[in-house]
Amino acid sequence: MSEITPDVIKSHGLTDDEYKLVLDIMGREPNLTELGIFSVMWSEHCSYKSSKKWLKTLPTKAPWVIQGPGENAGVIDIGHGQAAVFKMESHNHPSFIEPYQGAATGVGGIMRDVFTMGARPVANLNALRFGAPEHPKTRHLLSGVVEGIGGYGNCMGVPTVGGETNFHPSYNGNILVNAMTVGLADANNIFYSAAAGVGNPVVYVGSKTGRDGIHGATMASAEFDDASEEKRPTVQVGDPFTEKLLLEACLELMATDMIVAIQDMGAAGLTSSSFEMASKGGVGVELWLDKVPMREEGMTPYELMLSESQERMLMVLKPGCEDAAKAIFDKWELDFAVIGKLTDSKRMTLMWHGEVAGDLPIDPLAEASPEYDRPWEETPKQDRIDPASIEQKMPHSETLKTLMGSADLASRRWIWEQYDHMVMGDTIVRPGGDAAVVRVHDTHKGLAVTTDCTPRYVKADPVEGGKQAVAEAYRNLTAVGAKPLAITDNMNFGNPERPRIMGQFVGACKGIGEACIALDFPVVSGNVSLYNETNGEGILPTPAIGGVGLLANVGRMATISLKAKDAVLIMLGTSTGELGQSVYLKNIENREAGSPPPVDLDAEKRVGTLVRGLIESNLVRTCHDVSDGGLLVAIAEMCLAGNVGADVHLPEQGSEIAWLFGEDQARYVVATRDPDSVLNAAASANVNAVIVGHAGGTAITIEGEDPLELADLRKAHEGWMPNYMSATIN
Amino acid sequence: MKAAVIVFPGSNCDRDVQVALQKRMGTAPHMVWHRETDLPKTDLIVLPGGFSYGDYLRCGAMAANSPIMRAVVAAAKAGTPVLGICNGFQILIESGLLPGALMRNRDLKFICKDVTMRVETTDTIFTSHYNNGEVITIPVAHHDGNYFADNETVKRLEGDGRVVLRYSDAEGNITDDANINGSVNNIAGIVDEERRIFGLMPHPERVIEPLHRGTHGAYMFDSLLEALA
Chain G
1 MSEITPDVIK SHGLTDDEYK LVLDIMGREP NLTELGIFSV MWSEHCSYKS SKKWLKTLPT
61 KAPWVIQGPG ENAGVIDIGH GQAAVFKMES HNHPSFIEPY QGAATGVGGI MRDVFTMGAR
121 PVANLNALRF GAPEHPKTRH LLSGVVEGIG GYGNCMGVPT VGGETNFHPS YNGNILVNAM
181 TVGLADANNI FYSAAAGVGN PVVYVGSKTG RDGIHGATMA SAEFDDASEE KRPTVQVGDP
241 FTEKLLLEAC LELMATDMIV AIQDMGAAGL TSSSFEMASK GGVGVELWLD KVPMREEGMT
301 PYELMLSESQ ERMLMVLKPG CEDAAKAIFD KWELDFAVIG KLTDSKRMTL MWHGEVAGDL
361 PIDPLAEASP EYDRPWEETP KQDRIDPASI EQKMPHSETL KTLMGSADLA SRRWIWEQYD
421 HMVMGDTIVR PGGDAAVVRV HDTHKGLAVT TDCTPRYVKA DPVEGGKQAV AEAYRNLTAV
481 GAKPLAITDN MNFGNPERPR IMGQFVGACK GIGEACIALD FPVVSGNVSL YNETNGEGIL
541 PTPAIGGVGL LANVGRMATI SLKAKDAVLI MLGTSTGELG QSVYLKNIEN REAGSPPPVD
601 LDAEKRVGTL VRGLIESNLV RTCHDVSDGG LLVAIAEMCL AGNVGADVHL PEQGSEIAWL
661 FGEDQARYVV ATRDPDSVLN AAASANVNAV IVGHAGGTAI TIEGEDPLEL ADLRKAHEGW
721 MPNYMSATIN
Chain L
1 MKAAVIVFPG SNCDRDVQVA LQKRMGTAPH MVWHRETDLP KTDLIVLPGG FSYGDYLRCG
61 AMAANSPIMR AVVAAAKAGT PVLGICNGFQ ILIESGLLPG ALMRNRDLKF ICKDVTMRVE
121 TTDTIFTSHY NNGEVITIPV AHHDGNYFAD NETVKRLEGD GRVVLRYSDA EGNITDDANI
181 NGSVNNIAGI VDEERRIFGL MPHPERVIEP LHRGTHGAYM FDSLLEALA
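Residue numbers (this note's numbering), protein chains in the order written: chain G, 1 to 730; chain L, 1 to 229.
If we strip away everything but chain G, and leave its shape as in the complex, we get (with noise of 0.2 Å):
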């Protein structure tokens, strides 16, 4: 009797088309450990099928970019021979079912695809969302998964750097996980993927395999509902000190010229590395699944194909390097096993002990996997928020206090704190600022780094949405001094089976694509999460942009602290007073209502070169990109930051509620002791400047109101998480 019943086939999450594909593809019926593989490699998490037609129409090119997507990560060239690796991933699903080792794996795993490439991780960053703050599960979710970046992050010696954090109910049983990693690589020692050399050694490295994490990719496939704790087993369980063992010894293979190609086991483990690598080199694998280091006795082929378990990676030497290989291997105390060889089949050959246990043809699983082009929806237009049809109901600085205290605007410090930030001895500027600045070691170049997306907006307007994300991240890097130089993007949305979403999905690749290509910003690589519903119930659409600058000189570069005590502070750019979506309504008149706020990418680009000159040319030392909570909160963290006081002028005319919190895009407030300067060089920049305040004192005077000292803000501002956190409030 066959062991391939309707109800295996759906267990392995595949639809009766896409079985009836395996049948055409394989000539007959496939044995469960070919199933198996069918069934991850055409997960949505392995083959992009939902979203591959959209993915494709992102702008992916400029000069400077070594290696688009389709690698383990990203590559720029930032110069002088040197390259930056990168890649943000989800980790979101597993992260929702334990969430410390949910979220320490997503640390290893990205970390992994960076040094894969031949790149020493530099900096990790972040992009978490979870539920509303008062709902039960927020706390211990949010303990746990900072918990575990930390514990992962802090011990493999890599600086977590940045990132961001959000509240909200949509993710209340879907929380968000994402991890970015950046590696510093030399532009002509980059390793690849493609497997060459028919007769060479496939060799596998690192940590055993156990049965832990099988099936997680098929998981990350799938929408979430009450019975998702049973799924816990297949979360993997991380060992950082292997890692950092790993990431060693890799690098010191690398040094030599012993590696073809070289893949980490991430997502469906063995599986979809054997097959990645010998799909992109146009060739076939014989692998002997015996001869894989195990965890456990007893393990099958299907449980060695299919296992996630951390810290592996496959590699295939150039013949007769092994035992040089080796005792790199075991200088550093991993398992290193020749597991098989490159074969001209173009097929997979699964041994077990002198036998076949499978035997599948390569490219029609890997490249030629199932593409969905999903109905979609546009999402419908939100009316734009009048600004005079809100009205004024405490004075402004109370209004700014209930901000800078709230889950959205206050510290993330509690968070930042618990990771290692300074290890490695370059960063520059520390989490709490717009983008943060790693040195190039050993140079005067810095990297900015920095995560942006605000899905309240994506929801609002997928397109504009999407935009924004690009342009806050294009703006966190020029704040800093930085030419933004390329993306990774982490495109986490619900069910792609539903049209709604699917046009989120698709509205919000149009904006990232229109972004990057007005600002030059190409996306270098990236991650798709769908389905991250509970109970038919959809996140807030998120496609977090994580963005890569360069500095040339760290010595000449701005951060938001106030220094100069008789500083005059500028606002470059426009205000129209968008309260669409803004972090006003939300928190004032408690509605998420209206159209976010447009964004103009001309004049992204024109005030953004505008910053970085006047940074460039030492004019200006101060800077803050003017975001969520808009103008007023843009000063007030820029007084936070440097503990000096300011005195902010009201508009002449119109609201002033729009103007001091309207979320306008492509504005900048900078400090400067020559606003002639600065003002004149605006003008010649075609960019509007305002002056719209004077540093100093110990507290934020808001025209015509009293002084609202800074001690009592930094109290609010501070005070909100670590009270949360100890259950001191709800």
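To be clear, the hints were calculated from the coordinates, so they are not data collected in a lab. Not one of these hints is a red herring.
Stretches of chain L that chain G covers, calculated by requiring three or more beta carbons in the stretch to come under 8 Å of a beta carbon on chain G:
1) 15–23
2) 52–58
3) 104–116
4) 193–206
Beyond 10 Å from chain G on every Cβ pair, some chain L residues (computed):
5) H30
6) D123
7) I125
8) A149
9) T153
10) R156
11) E158
12) D160
13) E171
14) I174
15) A178
16) A227
In this text, a Cβ means the ideal position worked out from N, Cα and C, and glycines have one as well.
Model the placement of chain L on the given structure of chain G, informed by the hints.
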């Protein structure tokens, strides 16, 4: 003046301290792999920070039994100065070169931040370039820095002036609020009886140039250079 930095599997501040030694002392240190059994000729041994052996079992416990540690203990007993930073401090304790224990931080969380501390004695080769009672700022990054010792031992440490650094507020007051990890008597670093072996939780190698937002760590290396050159 030539130092030796011991590298264990899982050490991750070995390069940072290598850079600091090179920058402040002008000579690149030897980097010694833990499986070695002999030390090169050296004026100073440094046990760097990190997570030797993943901090599994107990922080520093397995590293204390690495082959090289026999040579380190012998050299230390023969008078070669030893500096143990963070995980290095934990290893010094686990190998019996310094007394006490380092327990999990009081609030059970990893802490990474700038910390103010008071210099309690300049009568060591590690701190001669500071002033007595001076408040310095050096970052910490640890999960297990909560120093503990029995009353007897603490009394001896205090009586002999072997408490070198103490967590304090910015004015130098030794308060419970300033005690970031719950250490007994706010202890951040101690020396052995001969004042040649120094273990501390803060990371001086992380603040050696203005771009680090502080240079208080540099003076520790300068003190050593003067004493050992």
